[in-house]
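> Now for the letters of each chain:
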Amino acid sequence: MKTGIKSAAVLLVALMASVAGVEAKDTLTIDLPNDAATLDPHLQWNTDSYTIYRNIFDNLLTRDTSGEIVPQIATAWNYENDTTLVLKIRDDVTFQDGSKLTADDVAFSISRIIDPALKSPQLSQFDQIATAEVVDPTTVRITTKSAYPALLAQLVKLSIVPKAYVEKVGDAEFNLKPMGSGPYELAEWKKGIETDLKANDSYWRGQPPFETVVFRAVPDVSTRIADLKTGKADLVRDVPPDQATSIENDPNTKLLSVPTERIGYLYINAEAGPTEDVRVRQAIAYAIDKQGLVDALLEGYGAPVNVLGATPIFGYTDAVEGYSYDPDKASELIKEAGAEGAKLEFLTSPSYPRAVVEAIQQMLNDVGLDVEISSSDQATFLKRRQGDPANAGSLAYGAWSCACQDADGIIFPLFRTGSIWAKYSNPQYDALVDAARSTLDEDERKDLYKQAYEILREDVPGLGLFQTYALYGAAKDLDWQPSPNEAMFVMDMSWQQ
Amino acid sequence: MLQYAAQRLVQAIIAIFGVLTIVFVVMHLSGDPTLLLVPQDASAAMIAELRHQLGFDRPISVQYLDYLNDLAHFDFGVSVVQRVPVIDIVASRLPYTIELAAGALVVAIGFGIPAGIIMATVRGGVIERVLTAIVVTGQSVPTFLSGILLIFIFGVTLRWLPTSGSGTFSALIMPSIALGALSMSTFARMTRIAILDELGKDYVRAGRARGLSMEKIVVRHVLRNASIPVITIAALEIGNLLAGAVIIETVFAWPGIGQLAIQSIQSRDFLVVQLIVLLISVVYVLTSVLADFIYVVVDPRIRLVR
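Same order as they appear, the protein sequences are chains Y and P. Going by the UniProt record's numbering, the first sequence runs without a break in its numbering and finishes at 497. Going by the UniProt record's numbering, the second sequence runs without a break in its numbering and finishes at 306.
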């Protein structure tokens, strides 16, 4: 009898919860793997923090769905010379406390993020900037240390914070009670649990689509999908490809996918071990069936690439030929190099898809190598991968995105001599990528990157495998087109009529 | 008694100190958070700069002494990831873990002990077989699997309970069952063994010979004597529940210190990890000391001397 009462009570609670869910249609609930670590947009660059605070703040520039850099707080910009960029600032923007956003706030935001005292992990994205000064209330002048073509792409990531408010409350308080000029303002932050935002009714771009937005921290992917299917969440991120069908088949949910700028690639150590021999590296390139990886492991949610780059990236070229899948040729090259049965250590961590790593291991073993997987936690993995070549393993799988949609953010850090990721050195290559990062001429830059990609094809210090797709699970009636840079702007979402 | 208590206290402090030191060394040796904080296209110079600002370029011995010094002043530091005091982070999540552990203990004791008594006294029937099956299932199914199964059955298919989250009684039910299942089996088995053990003793036979009913003997004498090993288990199970909570909290998005520990280990948020470890080891040690003292209350024949 008692159990009967109890289950009736449980049923009643569940019923009430579902009724509440129907009524709260002006609330959008999004499940993320983690809550924001910080809400100060200048302090943290992890995906979950960015996803949330990006809706509280406006950025200086932004990208449209086609990937073009377009105005947000800046309405227009022009180069006075190779190192001086002048931006015009919108005159009709107010922060959430009603104060006006001016050039002062923009210059303050830039100066704040490049100030070493703030200890911003994003400093490396803005360290080419020397100064930011106010010309008049709607004009800001940025000076860079040298000509820096990726500047606009980096400024896309710069959030504008209110100078007066930050100075008044201090950095620590600003992190807990952030205030920006974006479409949503912070309602409540239950740290580690959820972040609740409410609509900023006086937003300059118009009324935001939902009254409240709740970002919940749900680390386990099966739980995120269960939340979506039961209506507890309206949108979930990081859906693995093998779960795509179950979301598509559910009448209440749908799968959203978009090709991103993120590239799955294989690092090959060119400075130590058996892969020091270029023939072994080329053999590895021939041994990998990229299409097979995409079909079997990504369920088709990806596309093989010819270089380490994809269409959303400036500098991407389809004029450089990729390696065809040719295991016989691979075996031959390995024999020729005398590397049959050579032991290769394949570094990885739980952050990378184990199935992809194991499939590559199998493909390489099939052509005569002896690949051993060595898995550690992400920090240990990075320490080895970025450290001394002799200890950096022979291979590693990586998923690269600089969120800047520019080849400079990909192949420069990966292969330029002296970079922490590069276990490779070629002066000719260095000269090309150096030149490409110091000219503003777009055609010239494209040509330089094409030549750089050709050298990478010959030397194979790394191999582009596939362009990855971002997969989201969404409620059937949520209208949203995800973008290649994996941003989640709630302003672009709405319920279908 | 006092001497024994002092002895246990010293042992406890040494144990906690040892655990802290091991965790400190292991976490610091395998890499610092700087690499995880910066964007992946950061240059070596930038990483070195941030590492210096955060103080991770100092020798590990210096960092360790600093840490101990801060600890002695009850200063737990500021998280490098979240940039807020570590004590605030842990304090905000602790009530959730206590709530979950309490729920799990209710499940474990509420089902486990009666099941153990029934299994020991009512032998050879259908009831015993059903209970045995439940107990064996409870101890052999991994907690993450039982968690996911519960979500699938009661959350997604039947829609009786919320699939994740916290703050309501209904949200507490599934994680408590999933977390309590393992302890429930331990309680049932230990209770059963302890009672069977007692039932074979002379005083039971003597009681029977004096004409006392079996029920009277069990309730008056057997249960009391059998409770001693069960209490030990109860105390140790609290520590195990905290360890099990790490997995269950992740599965159910339950925002306790278990989930926080996982997140902080992944992001190398050293100070948070160290405070959680400190907390858990203190709980472990306190509960085992507590068990020793409860012995005396339950059975005054046991003396706390060595």
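In short, the hints are calculated from the structure, not lab data. Hints may be right or wrong, so weigh each one.
[Unchecked claim] Cross-link-like lysine to any residue pairs, in silico, SDA-like; alpha carbons within 25 Å at most: (1) Lys25/Y - Pro251/Y; (2) Lys25/Y - Thr157/P; (3) Lys119/Y - Val122/P; (4) Lys343/Y - Asp318/Y; (5) Lys446/Y - Ser61/P; (6) Lys383/Y - Ser61/P; (7) Lys100/Y - Lys25/Y.
Every value quoted in this text rests on a predicted model; they were computed, and no experiment measured them.
> Looking at the structure, which of the earlier hints fail to hold?
3, 4, 5 and 7
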